[in-house]
Amino acid sequence: MSKEAPAPRENMGAPVPRFDARLKVTGGATYPADIPVADLAYGVLVTSLVARGSLAQLHTDKAATVPGFLGLFRHGDMAGTQPPKFGVAASSIGPLHGDRIFHDGQIIALVVAETYEAAMEAASLVTAEYDEERPSAGFDTQGTETTPGAGASPLFGEDVHAGDFDAAYAAAPVKIDEHYSTPTQHHNPIELFSTTAAWRGDQLTIYEPTQNVTGWKTELSRQLGIDPNRVRVISPYVGGAFGSKGPMTARTAIVAVAARRLGRPVRCVVTRMQAYGTQTYRAETRHRVRIGAERGGHITAFGHEGWEVTSRPDAYVVGGTIATGRLYAYGSVATHVDLVHADRNTPGYMRSPPETPYVYALENAMDEMAVALAMDPIEFRRVNEPTREPIGGKPFSSRSLLACYDEASKAFGWSDRESAVGSMRDGDWMIGMGCATAVYPTNIAPCAARVQLMADGHARVQCGCHEIGTGIRTVAGQMAAERLGVELTKVSVEMGDSALPPAPVSGGSNSTASVCSAVMKACDAIRNRLFLAVSGEGAPLAGAANSGMSLGNGQVIAADGRTVTLADAFATLQTVLIEEYAEFTPKGASPQALKKLYAGQPEFRGGERDDAVKYAFGAELVEVRIHTLTREIRIPRIVGAFAAGRIMNPRTARSQLMGGMIWGIGSALQEETEVDPRNARYVNKDLQDYLVPVNADIGDVQVILVPETDPQVNPAGVKGLGELGNVGTPAAVASAVYHATGIRVRDLPIRLDNLLT
Amino acid sequence: MSSAPIRNEIRFLLNGREVTVRDVAPDATLLDWLRLDRSMRGTKEGCAEGDCGACTVLVGKLTAGGLVYESVNACIRFLGSLDGCHVVTIEHVQPVGGDLHPVQKAMIDFHGSQCGFCTPGFVMSLYGLWMKDANPSDATIEKALQGNLCRCTGYEAIMRAARAISDYGKGASDPLAVERAAVIEKLTKLRDGARVEVGSGKARLVVPADVDDFAAVLEAEPKATIVAGSTDVGLWVTKHMRDISPVVFIGHLEGLRRISEKDGVITIGAGVTYTEAFDLLSQRIPALGELINRIGGEQVRNMGTIGGNIANGSPIGDTPPPFIALGATLTLRKGAERRTIPLEEFFIAYGKQDRQPGEFVEAVHVPVPAKDSRFAVYKISKRRDEDITAALGAFHLTLAADGTVAQIRIAYGGMAATPKRAAAVEAVLTGKPWTEVTVEAALEAYAQDFTPLTDMRASAEYRMLAARNLLRRFFAETQGGSEPIQVSRHQAA
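Chains A and B, in that order, are what the protein sequence lines are.
Position one of the first sequence corresponds to residue 1 (full-length UniProt numbering), numbered consecutively onward.
Position one of the second sequence corresponds to residue 1 (full-length UniProt numbering), numbered consecutively onward.
So here's chain B without its partners, still in its complex pose (with noise of 0.2 Å):
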């Protein structure tokens, strides 16, 4: 049994006070928090979904890294994660001795700004962006931007804004900057070990002190509802009404947020979110990183988890196919107790995963692809950017020396009830030759794997069609060179 120390409110620094709230409900979100209870209202709610980015604040936290902030959608974040971070809210961004930020002044400057609703969620971007890397490409300020919707559409206008914002101000006398020391202190302060527990009944939250004291709280309570990211389970609460307490804050666990690779094998935490394994992934297995991208917002990949995106089980996750594809492992643990198993067994029906009551999971392990093999991963959206999947599917491919498949590992989302793998068309490849006459003739085993819904996103007939064109792409590329076929923007234009 854990013996951290309990606490019974949870602290954080909002803006420039350390605030300490006692009476917060599990499913009370940071939005409704700084709106109604505090009554900041420059930030926005437009969508409480985390699509609009409206509501983007930043979040400081103390990493191995040091302090970082990180644009989040407070419409989707619970409360009770926030302990021991640092919120910033637009409210702080504000003139020091009568001038603005640097941001606020390129966006008046270009014009960023016509009704002005979505502005502090923009300004709260780009100041995230800005501290992170002041001289951005377009790529990246886009990137930034995906999970900023401006419906007077200043797109253009807001660009040229986020360009220019190094022409206006140094970061060294950021207010962030020049407070960070404090900062960190007060943080550091922040973390004494306990855990925290606030409310009965119904309406109740904790905040594990570590990895061993959440494996103790959740043989205690194995019917809790487990929160990493929130950027899924907010909509529970926002657009659902569900009930989800007790609720389990993870997001902050050291011990679940650690990424490495050893021999040949990248490990994520089940805590790290899409951002923290970018770097790691999108340089071991440059595909990935181009799904990542492609993945929510930047508020929703600076939230959201791995971790989260498959244990929730969702058969439109975009993370478990190209796992799967790789061969990746699951460990799942219940007290002490660890097993680890084929990470495509995890998924066994619509809503129904192998995690047995106060067990979770606890990390994935993703073998880096062979060099002489290939590997791909096709998204396809209505939208290219900040767009839910209506189909995806990866491809791992090993050759043998006469040019016969050896081994082909091919998995799909949203064409079942779960991220499932297309056995029958693997078993009609594996061992032919890897010729179109090959690729076609496997085309027909999808009928055997797949059985696609239709649903606003697209029909069962364009699934099916789909996706055994995205074999036939993948074979495609195989033929023409190294380079995948790829559309952007940049290309385009």
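Chain A with its partners taken away, still in its complex shape (with noise of 0.2 Å):
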């Protein structure tokens, strides 16, 4: 075990290194655009120059003439297919369906060539001629049309509420009322978008970064409409996600429809320009956040009002007040989400979707209470703890929040801050110490999983999820090592492809829960046939109590202690390999549940769907330093306690939530995709002018696990966590800003020119 990794504490497992990191230091690991195919086509997409309007004219005669084209595609040429269906698709928009145009960057064009060189060549020759009407670029913009949000999506049925806020807001002794928004951002992760579509008769093989193995097959031969079972989407490994590779977009048709055309295989890389308006994004948004409370710091009302940019024909919904209407104990509620639709792509899944934007919002309205209230902040937390959720009257199956801020506090040395605003400096810097709470629902949904053991302790996994970098083959490896009492090394781990049994997506941090609860029930089911094998008459350890037995060391251990070789109980059986398959399905689920997983339509359970509500919770703490003279904002470290319950891995967990955290900071102080109103186009399409952290502007991280053990949750007892260490970040980094200067920055990002007095 590496001197590296953090020491597991209670309820936690090993801290191995991960399967695949050998893989991904070598240059080994093999991502969907690294596949070789044979007799390879490149296709390069064209896009639109403006964002609303028809395509009147697209001329291709000089690209035509370029060496090694092989064909354009165009709107017309989908014909015979069906435009894609907004959900498991990125939106219903086809661009190659009509001639209308829905966003600036929108698909207009496919060329095709037989190398990438001449593709982009033959690509850059084509232009076209727009009837092109006034778009509207999102708030503030002329044209556009607002919608409400309850309703509009399957995900947000409606507005939370709960007692009489308004009466309860308008008597409350001290109240804030204040507004908050949250910029447009680009997932960019740092491997390309693309497709590869390659047809061997009337099979179609995808390679593709994907989230969602099973769901695109299916949606992607519902377009095509051919049988799913001709269909097998193939993603290894995924090079980054956070949410942009879940939904399928418009371009894998399209890639397909031309690979088939052509009668050879086609790969699109898409460029990182092109990714901006092509893929989806977070969806800016505005808040108006109403708080009242006693004087000793209850609150007895919490207002939280949202407004959303979507695109014209779709109602994505962001729709966070589902987890801030539950998140303290309000006394009333009263939420409202408005839908905003402009002439832009639709948005889509970002990391912690509808948390990091509200919980942003809430968090920084938190932080504005308590200084209304001259409360510590996180004393003020700690006077609205909830020992039931105010919508629905629902126990937490487990809340750990407080432990949480108890163990950050301890490690962080919050009780050296002192509470007056400006008053902590060293030097030319002004320090600021801030908080805020990060929470996340743990989703789970069905998911099958096949598990073998041989007769030598080997092995072999295989599940239809996706290694996006969480670490998930190495846990769902663990979880089978752990359960069949083989060695770590001996396991092998298959994902990353829609032959293998069907996972949910990889999004809404499900896949540990749902992958190892699957893993977990086909192990059980092998553990049971050698445990009756090795009980019966006559056998190795006849008599013994198949309650009281167990698997370790490649050996079958009975409750007196005998013990049978793995060999020997396959002797017994006649056989040197166990198979089992596994359909995991959460309570609660429906009875239509395994059909709609194999369906790609997955029914999360979990959250705050079930009898309990079943969060994760962290408390994270971070230290600003503002220049004087400059207003340059640094944060030297930051730490965040977390609790979710069972940790697979404290390795893969603590890097998730460092990463998240981190992310975070990237989202307080530099991301923003910044759009032209005039013309409803994004304008740093670009790792130029997209700013992320680089190393330099991260300091000291620490993040702490802290023991949880909740058996409601599921049989695996995880909560999910990737998405659960960047909620909160920004709000921490505002408040702590704040501390340092007395400035309350509302709209992300907090720059330096905020700060200017």
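No lab work stands behind these hints: they were computed from the structure.
Hints may contain errors.
Claimed, not checked - Straight-line alpha carbon distances no greater than 30 Å define the calculated DSSO-like cross-link-like pairs of lysine-lysine that follow:
id	chain 1	residue 1	chain 2	residue 2
1	B	K239	A	K685
2	A	K62	B	K371
3	B	K382	B	K262
What the hints assert, rightly or not - What follows is a list of derived Cβ distance ranges for each label pair:
id	chain 1	residue 1	chain 2	residue 2	range
4	B	S137	A	L752	22 to 28 Å
5	A	P148	B	I348	43 to 49 Å
6	B	P342	A	H179	38 to 44 Å
7	B	R163	A	P711	37 to 43 Å
8	B	D99	A	E487	18 to 24 Å
9	B	I184	A	S181	55 to 61 Å
10	B	R163	A	D39	45 to 51 Å
11	A	S419	B	E444	28 to 34 Å
Nothing here was measured: the structure is a model prediction, and the numbers come from that model.
Beta carbons are placed, not taken as given, at the ideal position from N, Cα and C, and that holds for glycine.
Mind docking these for me? Both chains are given alone in their own frames, and the hints should help you get the complex.
Right under this line is the structure:
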């Protein structure tokens, strides 16, 4: 075991290095665009230069003269296929299904050539004429349409309410009423988006980085009008996703159609710039938060209104009021979400989709309220710690928020914080210390897995889940090793292929819970078969009670201490391999849940959907330093303490939470996709101008894993945490900036020009 | 005329073997060639513009100081520029006897890899650093990794891995150290003194044999695109699809890669990279060292040349303003003829420089500021590291014995269509007592000197305000002893 992994505490697994670490440091990990395909042709997208209108003319003559040009696919060429269905698909906009332009950067053609260079050259020679209309870019531009969020999406049924907010707010002796906003952000995984489509007869294989092989298989076959069993989606490694590779974009079907028409495989790697308009993004949001409280700090009224930008045709709802309305003991709650439709591409899931912007607004408001009450901000949260969530009155399956604050405060040295604003200085540096709560629902979905155990102690796990960097391959292997009592080095794990047993989309931090529960179920079936075999009459452990048996060190162990090697146990069954296929469904799942899993429409449970509210929590404490002269903002240290049920692997868990907090720092101080309000166009469409943190922007990051046991959440006892770490960070930074300067920044990102006085 | 023999192929070492490429386009990048032609896909593409570092490889070249390996961005490095070099990709950093390289071991143990896509680039950058400095400071590590982005944001873990590399192995047993002598021998053999000419018509590249040969080539083809480090021209190709043929590669020309000081003037050959210039410049003019550390990332500094930064005439190039403030001159050469002009006169208008067809920038001469003068340069960008300048101001002040301004030279980038002197501001200040009153009175003159643009990096108003405040800052620094006002993470932490 390496000296550099955090030591496991109670209810935590071994901090083993990730399975794929060796492949990754040697360049041997194969991402979809790395997969060799014979006779490959190359596709390059041509995208719209206007945001609203229709395509009048596409001039392609010059492109066709480029040596190596093979074909051009445009409006009309998708005839015979169905347009995408928003949901599994990123948008209902089928760009080549009509001549309508819905947003800047929309695909208007795909050019295919013998080489990448030729395709690029040909694509650059395509020109278009448009019947252009004046676009709306988003908030504060003319021509937008506002519709209610409630009921607009299956994920957002209604605005949550509790009690009589108006009366309670009116009566509250201390209150605030403030507005907050968060900008458009793009995921910008370092791996470029790509699609490779290869037909063999009527069998289609898609190589594409995805978080949802099963869902894509189903949706793509629907679009193409072919049997889902003829489509296979392969995505062995994914170079960062963060939600961007969850929904399938229109490109996938276009490349598939091109490959079919040309009779050869086509690979289309999207340029970094084109990705801004052809993939999804985090919608910009605005918030109004009202909090009323008694002088002692008890909140009596919480109101949260949100406005979110989306595309013209699609009702993508961020909808974080589901969580903010349940976070504290509010007394009364009123929430409302509105969608603002503009001439933009459809937004989508981005790391902690609902919580990141909404909890930012809530936690910033909580900090303001603590100031209004002259209370320590952590104490203010302690006072409002609920025993039951306020909306449905349900208990929490487990809630360790205060334990997280306690551990984080101690590690951070919160007691050294001087409460007065602007009171902490170090030379030319103003010091601020701030805090915020992190919260993320524990989602879980049905999942299937196949596990094989061999007489020699080797095991093999197959599951159509996705290794997007989280470490799911490793923890699924750990689960199998643990349940089957074999060494982890003897376990292999296959993922990222729709030919494997189906898993839900790797989103909403459900994978560890869902996959581990399925793997556990398959392993337990293997155990039962072995236990039965070895305890039968005349068998090596005859008479031993199955309930007391276990597997360990390559042996079956009876409660009375008798053991038999796996090899001998298998011999009693006259086999060398036991295989089990398990279909896990979470408690409360509908009778159709499994069918929906296979159809790529997994039904989620957990969160606030069950008898108890299932959330993971964390506390983040941050120190900022702001230079008195230049107002440059630095974050020398951040401490986060998180509790998320059973921690399968402290090393991968720490890594996810650390990465999340650094994401949060980037979100707090740097990230913003600028939109030109005149033409609804993204401006900073590259890593040169879309700023994300570099090494030197990050100081000391401390992650504390707080022990928590929650048998209620799921059989594995696991809460997801990949999307927990970045929730709260921007608010904690805003809190610290206020503490240092007395300036309250309510609009992200916080830049030094906000701090000039 | 040059009498160099002519060769029609590019030759270099790729990892363990020598390769010869006959069919190479002038704008073919190393990354596309590796991934598409050679099917070596361990090197990744993330941005195609030298920002993310996923494509980082090492390029070894023979220099006056021996064989030197540097990290570079394969995505904007042209294949034609690699003649006579040793290209080392992640595939070469493979286990010897089953054992991983120390960099790789450290990255695994400290969990420096999540999705893994940026990882080969980080490994190569850390490898390049470790070869030069086995026990680097945090600041050195951060500098070496400025040009590598990790979007899973494993920075803290990567830093810990970087600090620990030497715990996992010693440099002497490193594969590149072991094969060093053999590589030097092979690279020496590749140096045949020939001019390389590949292709024809719209797809033609030339690698001149030496500087005289370069002058001859350029006289014959005055419209050729001169490519030194390709950190800018690379983007013309990958982002703007520009036709750059014919291309003349000059990054290898020893005659342009000399930097030396004589009689208080530092002469920098046009092919000297930021990295090569760093030691002397930072030692003699420390403010320039600080500035260089904020230009691009390490890979860009390893490739990009100061001559290229000047010659392409960008209004936001970082080196012209401080050089202009220091009174630098520029030598241009055409054939055997040379002329030397004040640097500021080189920049005529946006995209237009005082360079005749067939002429090239040979060297820039930068006077070291006198002991009794004061020099400062300030770069303003949204992100401190690896970001493009919004505005940059350079100030060079000499006071008379009576405390009046004997001479002040002020130059800005990002404030006009070219790097530009603040002549009106200088005129107001000159001869006046160096006081706050004088400085405040001079601020109005900025309106005569500059009418900046609004773009996504800064608004016109912001640029104007910042430009004026930089003069105030310079004044404040001259009042507070000799230390510049600096903001660094290490001071903050």
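*Cβ distance range 45 to 51 Å for R163(B) and D39(A), holds or violated*: Since R163(B) and D39(A) have Cβ atoms about 47 Å apart, the given range 45 to 51 Å holds.
*Take a look at whether the Cβ-Cβ distance between P342(B) and H179(A) falls inside 38 to 44 Å.*
violated, 54 Å
*Look at the Cβ atoms of S137(B) and L752(A) and judge whether their distance stays inside 22 to 28 Å.*
This hint holds: roughly 27 Å between Cβ atoms.
*Mind checking the hinted window 55 to 61 Å against the Cβ distance between I184(B) and S181(A)?*
holds, 59 Å
_Just to be careful, I want the Cα atoms of K239(B) and K685(A) compared with a cutoff of 30 Å; is the pair within it?_
holds, 11 Å
*Does the Cβ pair P148(A), I348(B) satisfy 43 to 49 Å?*
violated, 59 Å
*Within 37 to 43 Å or not, the Cβ separation of R163(B) and P711(A)?*
holds, 41 Å
*Can the restraint linking K62(A) and K371(B) be considered satisfied, given a maximum Cα separation of 30 Å?*
violated, 62 Å
*Range hint 18 to 24 Å: satisfied by the CB atoms of D99(B) and E487(A)?*
The hint (18 to 24 Å, Cβ to Cβ) holds, given that D99(B) and E487(A) are roughly 21 Å apart.
*Using the C-beta atoms of S419(A) and E444(B), is the stated range 28 to 34 Å upheld?*
violated, 44 Å
*Does K262(B) lie within 30 Å of K382(B) when you go C-alpha to C-alpha?*
Violated, at roughly 37 Å.
Hint check: violations occur at hints 2, 3, 5, 6, 11; the rest are consistent with the structure.
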